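> Here the structure of chain A is known, so what remains is to put chain B in place on it, guided by the hints.
Here are the chains, one letter per residue:
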Amino acid sequence: MSFHPNDIRRRGQAANLMVAGVLGFLTIGFFRSQVVQHQKYALQSETNRLRELPLPAPRGVIYDRNGKVIADNVIGYSVSVLAQKEDTLRAVLQRLAGTINLTGPQIEQGLRRFRRAPARPTVIIPDASFDVVSVLEEHRTQFPGLIIQSSPRRFYPDGPVVSPFVGYTAEVSEAELAQPAFAEYKAGQQVGKQGLEREYESVLRGREGSQFVEVDARGRIVRTAGARQDLIPIAAPPLYTNIDLDLQRFVAGIFGDSLQGGVVAMDPKTGGVLALYSAPAWDANRFIGGIPAQYWDSLRNDPRRPLYNKALQGQYPPGSTFKLATTVVGLETGAVTMNDKMPIPCTGGMQYGSRYFRCWDKRGHGYLSLHDAIAKSCDVYFYQLGLKLGISRLLAGGVQLHMNEKAGIDLPEERRARWPETTEYFNRRYGKSGWTQSVVLNLAIGQGENSQTILNMARFYTALATDGTAAKPEIVRRNPDRVKMMNLTPQQLDEVRGALVGVVQGGTASASAIKGVQLAGKTGTAQSGKFVNGVELNHAWFVGFAPANDPKIVVAVMIEFGGHGTRSAAIASKIIQAYLHVAPIVDQSSVEG
Amino acid sequence: MSVRRFPVDWPLVIVALLLSTYGISIVYSAGQTDIHTAVERLWKAQAVWFLLSLAAAFAVTRFSVRLIDWLTWPMYAVTIAMLVLLLFIGKGAGTAASSKSWLAIGGFRIGQPSELAKITVVLALAKVLSAYKEPPRSLLELWKPALVVGIPWALIMKQPDLGTGIVFVGFAFAMLFWAGVSWPLLVLVASPVVSLILAFNTKLWGAWFLLLIALVLWYKPYMYEGIFLVVLNVIFGVVSPIVWEKLAPYQQKRLLVFINPDIDRRLAGYHVIQSQIAIGSGGWFGKGFTQGTQKRLAFLPAQHTDFIFAVVGEELGFVGVTLAFTLFLLLFLRVTKIAERANDSFSSLVAFGLLASWFVHVLVNVGMTLNLMPITGIPLPFFSYGGSFMLASWLAIGILVRISAEGRGGRSGPFAV
Chain A
1 MSFHPNDIRR
11 RGQAANLMVA
21 GVLGFLTIGF
31 FRSQVVQHQK
41 YALQSETNRL
51 RELPLPAPRG
61 VIYDRNGKVI
71 ADNVIGYSVS
81 VLAQKEDTLR
91 AVLQRLAGTI
101 NLTGPQIEQG
111 LRRFRRAPAR
121 PTVIIPDASF
131 DVVSVLEEHR
141 TQFPGLIIQS
151 SPRRFYPDGP
161 VVSPFVGYTA
171 EVSEAELAQP
181 AFAEYKAGQQ
191 VGKQGLEREY
201 ESVLRGREGS
211 QFVEVDARGR
221 IVRTAGARQD
231 LIPIAAPPLY
241 TNIDLDLQRF
251 VAGIFGDSLQ
261 GGVVAMDPKT
271 GGVLALYSAP
281 AWDANRFIGG
291 IPAQYWDSLR
301 NDPRRPLYNK
311 ALQGQYPPGS
321 TFKLATTVVG
331 LETGAVTMND
341 KMPIPCTGGM
351 QYGSRYFRCW
361 DKRGHGYLSL
371 HDAIAKSCDV
381 YFYQLGLKLG
391 ISRLLAGGVQ
401 LHMNEKAGID
411 LPEERRARWP
421 ETTEYFNRRY
431 GKSGWTQSVV
441 LNLAIGQGEN
451 SQTILNMARF
461 YTALATDGTA
471 AKPEIVRRNP
481 DRVKMMNLTP
491 QQLDEVRGAL
501 VGVVQGGTAS
511 ASAIKGVQLA
521 GKTGTAQSGK
531 FVNGVELNHA
541 WFVGFAPAND
551 PKIVVAVMIE
561 FGGHGTRSAA
571 IASKIIQAYL
581 HVAPIVDQSS
591 VEG
Chain B
1 MSVRRFPVDW
11 PLVIVALLLS
21 TYGISIVYSA
31 GQTDIHTAVE
41 RLWKAQAVWF
51 LLSLAAAFAV
61 TRFSVRLIDW
71 LTWPMYAVTI
81 AMLVLLLFIG
91 KGAGTAASSK
101 SWLAIGGFRI
111 GQPSELAKIT
121 VVLALAKVLS
131 AYKEPPRSLL
141 ELWKPALVVG
151 IPWALIMKQP
161 DLGTGIVFVG
171 FAFAMLFWAG
181 VSWPLLVLVA
191 SPVVSLILAF
201 NTKLWGAWFL
211 LLIALVLWYK
221 PYMYEGIFLV
231 VLNVIFGVVS
241 PIVWEKLAPY
251 QQKRLLVFIN
261 PDIDRRLAGY
271 HVIQSQIAIG
281 SGGWFGKGFT
291 QGTQKRLAFL
301 PAQHTDFIFA
311 VVGEELGFVG
321 VTLAFTLFLL
331 LFLRVTKIAE
341 RANDSFSSLV
351 AFGLLASWFV
361 HVLVNVGMTL
371 NLMPITGIPL
381 PFFSYGGSFM
391 LASWLAIGIL
401 VRISAEGRGG
411 RSGPFAV
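Each protein sequence line maps, in turn, to chains A and B.
Once you know that position 72 of the first sequence is 72 in my numbering, the rest is easy, because the numbers rise by one and skip nothing.
Once you know that position 254 of the second sequence is 254 in my numbering, the rest is easy, because the numbers rise by one and skip nothing.
Chain A extracted, bound-state conformation (with noise of 0.2 Å):
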C-alpha cells in the first residue's frame, strides 16, 4: 500500500480534476440544454400543457334587399372531448352515453373524428341542446377532458320560405377534407353544404379563434382561463341580396302545402333575383348540427321529391311559354312578321305527313296573325311557323337564345337547360332515317325534345322584357351582366309585348289582369308523361312581366302536375301584384292552351 504524502497528493489531484472535469463536463450539458436550447424546450413544454380549442367565428349575416335578415347567427352549445388516445375517448363517449342520450352511430362518427385530427377536441354534439348542457354540467367533474363550448350557430328566421336559394351549413365531410379545395379546414368545422351558404363560403367564412387550456399529463382539463391569451374569431362581413325577403314569404305562402312547382322573380333590368322558390321546401334550421335521421327520410321518401330544386334542377318542357322563343326566332330571320297569317286556317288541327297535329282548342281559331296566335296560343299557326323556319333554323335560334345552357345564376345547385343545338343531335338518337321534319312542329309549341329550367324561362322573358338583352340572374348584388340576345328592332319588340298583352286582355290569361298595371306574359300547358287514369297530367306554365311599358318585374312560375296555365298565371299575377303593390281586376274568365 502505497501512502507516502506525495503519492497521495498527486492522486488527490487526479481526483480533483476528474470530479471537477465531469461537474463541468454535465454543465455544460446542462447549458446547451437550459440556455442554447431553451426556446426549443420552452415550446415543447408549452405544446405539452396547452390544447387549442378552436372558438367557431360568426359566419357573415345574409340581408335582403331592404335589410330584413335571411341568415343569421344565434348562441349554440358543442360538446368536445379532449382525449390523447381513441382509447380513452370511447371509454370517455361510453360513460357520456350513461348519463345523456348518446347513440351508437354518434360514438362511431366522434371517434372518426378523432381519427382525422386527433390534436383537437374531439366534436361529441355540434349542436347540443341547453337540457343536455346543463345535464352535462352537472356531471362536469366525472368527464375530465369535457369541453362545452358556445359557438355561433346559423340560423334562418324563416326557415323554409328561403331554403331554396340560401342552403344549409354542415360539418365538413370526410369527402370534402380530402379535396385540395378544402385543404384549410379541420374536422369538425361548419362549410356551407347548397345555394349561397355553399356558394358564397369563402365570403361568409369568418376567422376561427382558439381558446387556450393547461392539461396534464393524462389530458385532464387543470386550467380553462388565462393559461394563454385567447385569439378572437373574427366574424365575416355580411352578404348583401337581390332577394325581396317579403316577396319571397309571399311567393311560399301561395304554395302553402298543396302545391308543387317553382317560381323565380327577376328585375329584368339588372338581372336582380327578387324571389327563388321551390315547393315544397325543406327547414334549413333542421339541417343545422346534423339532419335528424327521421326527418331525412321524410323528405326522401316525399313523392313530391322537396329535396329537388324545382326552381334551379327541374327540367320541364316549357310548353306555350316557349311559342316566343319560336316567334322571335321567325321575327328575325325576317320568316314572318306580326300581321302575317298562315296559309292553313286553325280547325282544331292540322294534317302533317301521316299524322294528325291537333290544335289544344278542338274548336279551331281560323285565320289568325301572329299576334293573335300568341295570344290565344294557337298551335296551327306555329306548327306552320315552324315549318317555314325549318329545323335547322329554329335549333340554330334556340342555341342563341341560350335555350340549351345555364341561366348562370351564382347558385350551385342550377342544371343547364336541354335542347338539341343541331340535327345531329337526331342522328345520334335516332339514326339518319329515324326522325322526319316532323319533330319541328312539336319544337316550335315548345314540347319534343326540350328541357328548360323555370330560372332559364325567366332569363328569356328578359330579353323580351328589355331591348332583347338578357340579364344574369343574380342572388347577391353585383354589377348587372347583360347579353344580347335577339336582334329585334325596338317597334319589333313592342308587337311582341303587344302579343304577350293580348294574352292577359282577351287571350289565354284574361284572369289574371291586374287594376291599373298593364301584365304581359304568356301561359303554357306541357305534357309531363305521367297519367292519372288514361288522362295526362300537365305542367302548368306561366311567364310574364309588368308593367308592360316599364317591366319591373319578370316572373316565372311552373306548377307541377298543375294542369292548365291559367292556374300558374293567377299566381304570377299575385306575385305581380303583391311585389308592385295594386289590386288584382276580377275579370271573366277563360280557357287556354
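Just so you know, these hints were derived from the structure itself, not from any lab.
All figures in this text were calculated on a predicted structure; none of them were measured in a lab.
Some clues are possibly wrong.
[Stated by the list, open to error] For each label pair, taking beta carbons as the anchor points, the in silico distance ranges come out as: (1) A/E52 x B/W284: 24 to 34 Å; (2) B/Y250 x A/D87: 56 to 66 Å; (3) B/P7 x A/Q13: 21 to 31 Å.
[Claimed, not checked] In silico DSBU-like pairs for lysine-lysine, Cα to Cα no more than 30 Å straight-line: (4) A/K515 x A/K406; (5) A/K552 x A/K68; (6) B/K220 x B/K91; (7) B/K253 x A/K85; (8) A/K406 x A/K269; (9) B/K253 x A/K40.
Backbone N, C-alpha and C fix where the C-beta goes; we use that ideal spot for every residue, glycine too.
Coordinates of chain B only, in the frame set by chain A:
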C-alpha cells in the same frame, strides 16, 4: 463511551446541511402538483428522516475510527445476511416495483438495506486494501477485494438493482485507484466489461482488442494472466450478443432508449424526453420555485425520486443547477482533502470510497435526467426522497467528520483545495 471534545469539520458539515436543505425544499416542490397526490406530504417525512439522520450522524462521530475498523467485519456479515434475506422476503416499490430491494415487516416498508450496504462494503473494502503492504501488481493479488465487493454486488444485481450495482463497481475502482493500483492494471481489470459493451460493433471491438494486446505486451503481467485476460475479452466480445438475447425486453428497451430516446416516445423514452423538456424549458432562472409546469401537470415522472434534479432545472433554471453542482463540488473537494489528510490508510480509503460512492450517484442520476446516462433508477444524494439513503448519506458524513477530526491538520485547512 466517554464524550470527548474534538475538532468538527465545519466546512463539510455546512455543505452537507446546505445540500440537505436544498434537497428537502425540492422534495417539497415536487409534491406541489395541480392534481394532488401523496407526494404532497412526503417532504415532511423527508424532514423527519433528516433529523433522525442528523442524530445518527452525531452518534457516529462518537465512535473512534478504531471502533469502526473493529466493527467492519461484523457489520459486513450483517449486511450480507440482510441481502440474502431480501432475496426471499424483499419487496418492490415505486418505479422498481418488480425488484426486491425493500425490507418490509408486516407490509410496512422499513428501508432499503442496499443503501447501508454501500457504506459497509466501502468499509470492508478499505479494510482489505489497507492490509496490503504494496499496491497489488497482478490480477491474482486482487482476489480478496474482488470477493469482498463481488458477493454483495452479485446479491444486489439479483434483486435486481442495476443502479446500486453500478455504484459498487464505481467506488471499487475508485478505491483501487486510491490504494495505488496502477492504471494499466485497472484498465486490464475493466477490459472484459469494455469488450462486452463494444461487442455490438465489430470494428470498435477490433480496435479495442488491438489496444488491449498492446497494453498487455507493455505492462507485462504474468503470462497466465495475460492469456486469461485476452481469452476473457474474446469470450465477452463474442458472448455479449447472446447475453443480449437473454435480457428481459424492458432491459433491452432501457439500453436502446439510452441510445435513442425517440425509439419509443410514448413508453420508455417518454420519461427522458419529459425530463429534458422540463430542464430545457427552465432557461437561465427557471419557472419559479414550485411553478414548474412539467412537474405540476405530471409530465415529469418520479419527480421526487429519480428525476428530482429535473425539478431543480425546471424551476430554478441553470442558476439553480449550477448552485447544486457547486455544493456537490465543494463536498467532493472537501472529502478528497479529508482522504489526503487521514491518519491511516484505512481512514483514507474509507473517505475516498464514500466520496466515490456519492460521485457515481451524482454522475449517473444527473446524467440520466439529460439523457447522458441510461435510466437506472439511482437516487441523487441529499435530494431524492428516501429515508434509507438520507440516513446512509449522513452516516457517511458522521464517519467523515470523525476521520477528519483524527486526521492531520483537522479542520484547520482552508475550505478550498
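> Next step is simple, just say for each hint if it's right about the structure.
Consistency of the hints with the structure:
One distance hint, 24 to 34 Å for the beta-carbon pair A/E52 and B/W284, holds here, with the actual separation near 28 Å. Range check, B/Y250 to A/D87: Cβ separation about 22 Å, and the 56 to 66 Å hint is violated. Range check, B/P7 to A/Q13: about 25 Å between beta-carbon atoms, so the 21 to 31 Å window is met. In summary, the hint linking A/K515 to A/K406 is not supported, as the alpha carbons are separated by about 35 Å, beyond the 30 Å threshold.
Distance restraint check for A/K552 and A/K68: the Cα-Cα separation of roughly 21 Å lies within the 30 Å cut-off, and the hinted pair is therefore satisfied. For the given pair, B/K220 sits about 48 Å from B/K91 by alpha-carbon distance, which is inconsistent with the 30 Å threshold. For the hint pairing B/K253 with A/K85, the CA-to-CA distance comes to about 23 Å; that is within 30 Å, so the pair holds. For the hint pairing A/K406 with A/K269, the CA-to-CA distance comes to about 19 Å; that is within 30 Å, so the pair holds.
The straight-line distance between the Cα atoms of B/K253 and A/K40 is roughly 26 Å, inside the 30 Å bound, and the hint therefore holds.
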